[in-house]
Amino acid sequence: MNGIVIATMAEAHPFIEGMRLEQAAERPFRTYRGGVYTLIVSGIGKVNAALASAALIREHNAQCVFNAGSAGALSPFLKLGDIRHISAVYEYDRRPQKGLPRRTGIMPGHAEAVLATADVPALSAEERQAAGRFADLADMEGAAVVRACGKYGIKAFLFKAVSDTSDTAAGDIIGNIEKVSLELFQYFEEKVMPHV
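Heads up, the sequence shown is in this note's numbering, so the first residue is 1 and it goes up one at a time.
Check the hints yourself; a few may be wrong.
[Unchecked claim] Restricting the straight-line Cα-Cα distance to at most 20 angstroms, the calculated cross-link-like pairs of lysine to any residue (SDA-like) are:
1. Lys-155 <-> Glu-59
2. Lys-191 <-> Glu-17
3. Lys-191 <-> Met-1
4. Lys-151 <-> His-60
5. Lys-179 <-> Met-9
6. Lys-191 <-> Ser-87
7. Lys-79 <-> Arg-133
8. Lys-79 <-> Ile-173
9. Lys-151 <-> Arg-58
10. Lys-151 <-> Gly-45
11. Lys-151 <-> Arg-102
12. Lys-151 <-> Ala-54
13. Lys-155 <-> Val-36
14. Lys-179 <-> Glu-17
15. Lys-79 <-> Tyr-187
16. Lys-79 <-> Glu-183
17. Lys-155 <-> Ala-54
18. Lys-191 <-> Ile-106
19. Lys-79 <-> His-110
20. Lys-191 <-> Cys-64
21. Lys-155 <-> Arg-58
22. Lys-79 <-> Gly-175
23. Lys-191 <-> Asn-2
24. Lys-191 <-> Gly-109
25. Lys-79 <-> Ala-125
26. Lys-79 <-> Ala-111
27. Lys-155 <-> His-110
[Said to hold, decoys possible] The calculated label-pair distances, taken between Cβ atoms and stated as ranges, are:
28. Asp-172 <-> Met-9: 13 to 21 angstroms
29. Arg-33 <-> Asp-172: 29 to 37 angstroms
30. Asp-167 <-> Gln-63: 35 to 43 angstroms
31. Lys-151 <-> Ala-24: 20 to 28 angstroms
32. Ser-166 <-> Glu-22: 34 to 42 angstroms
Rather than coming from a laboratory, the hints here were simulated on the basis of the structure.
Glycine is no exception: its CB is placed at the ideal position from the N, C-alpha and C atoms.
All chains, please: the whole structure from these sequences, using the hints.
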């Protein structure tokens with residue numbers, strides 16, 4: 001069985017519809033199942049993502065866990081809608097010795113990026129610049145999925161779609177998330193699922 005952790009319903013909806021997943025539980029997480037996949041809508045943040053990953057492994061016997069969702073671009077070379085397979089994650093809101101990079105599971109054939117994870121979004125230019133010293137993208141869940149899976153010896157594979165850049169207005173991010181989440185599911189369906 002393969003697990004998928006996605007933070008919000010807006011990001012998860014294309015996966016649920018496209019994979020024809022049926023709701024299996026409402027609490028503690030919205031959980032959907034179909035075929036060889038169980039998807040959990042974790043909620044935003046590291047604690048939620050870690051708990052959802054552990055639930056997939058312990059309660060649903062996930063042999064690998066995917067984390068899919070949106071991320072903010074820290075690199076000026078990334079544009080809205082770009083999709084990247086994450087090769088390493090940092091927790092940039094922890095002390096440097098605790099937030100060291102962690103390697104993720106890698107599937108060949110995808111454009112890669114480094115991800116910075118924190119419990120608060122990096123929205124200001126200063127925050128983006130600080131996080132961008134060691135990462136290409138920023139999110140609020142990825143590193144927690146990797147850490148939780150690591151505790152169980154399970155591989156975590158992360159795929160992120162760029163929902164905002166330094167030029168994106170805060171009010172546009174929600175609409176962008178819906179658009180790039182559909183694109184991310186289409187990418188996942190075409191380029192990831194056939195190799196799982």
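20 angstroms Cα cutoff - pair Lys-179, Met-9: With a Cα-Cα distance of about 13 angstroms, the restraint between Lys-179 and Met-9 holds, given a limit of 20 angstroms.
Distance restraint between Lys-79 and Glu-183, which requires alpha-carbon spacing of 20 angstroms or less: holds (14 angstroms)
For a C-alpha distance cap of 20 angstroms, please report whether Lys-151 and His-60 respect it. Given that 20 angstroms is the threshold and the Cα spacing comes to 16 angstroms, the pair holds.
Outcome for the supplied range 34 to 42 angstroms, where the beta carbon pair is Ser-166 and Glu-22: About 40 angstroms separates the Cβ atoms of Ser-166 and Glu-22, which means 34 to 42 angstroms holds.
Given the proposed pairing of Lys-151 with Ala-54, does the C-alpha separation stay at or below 20 angstroms? Cα-Cα ~9 angstroms, so holds.
For Lys-191 and Gly-109, compute the direct alpha-carbon distance and say whether it is at most 20 angstroms. holds (9 angstroms)
Restraint status (C-alpha distance of Lys-79 to Ile-173 at most 20 angstroms): holds (13 angstroms)
Checking one constraint from the list: CA of Lys-151 to CA of Gly-45, max 20 angstroms. Satisfied? Holds - the C-alpha atoms of Gly-45 and Lys-151 are around 18 angstroms apart, at most 20 angstroms.
Can the restraint linking Lys-79 and His-110 be considered satisfied, given a maximum Cα separation of 20 angstroms? holds (16 angstroms)
Taking only the CA atoms, is the gap from Lys-191 to Glu-17 under or equal to 20 angstroms? holds (18 angstroms)
Is the Cα-Cα distance between Lys-79 and Ala-125 20 angstroms or less? Given that 20 angstroms is the threshold and the Cα spacing comes to 16 angstroms, the pair holds.
Hinted pair, alpha-carbon criterion (20 angstroms max): Lys-191, Asn-2. Please report holds or violated. holds (16 angstroms)
Checked against the numbered hints given earlier, the structure satisfies every one of them.
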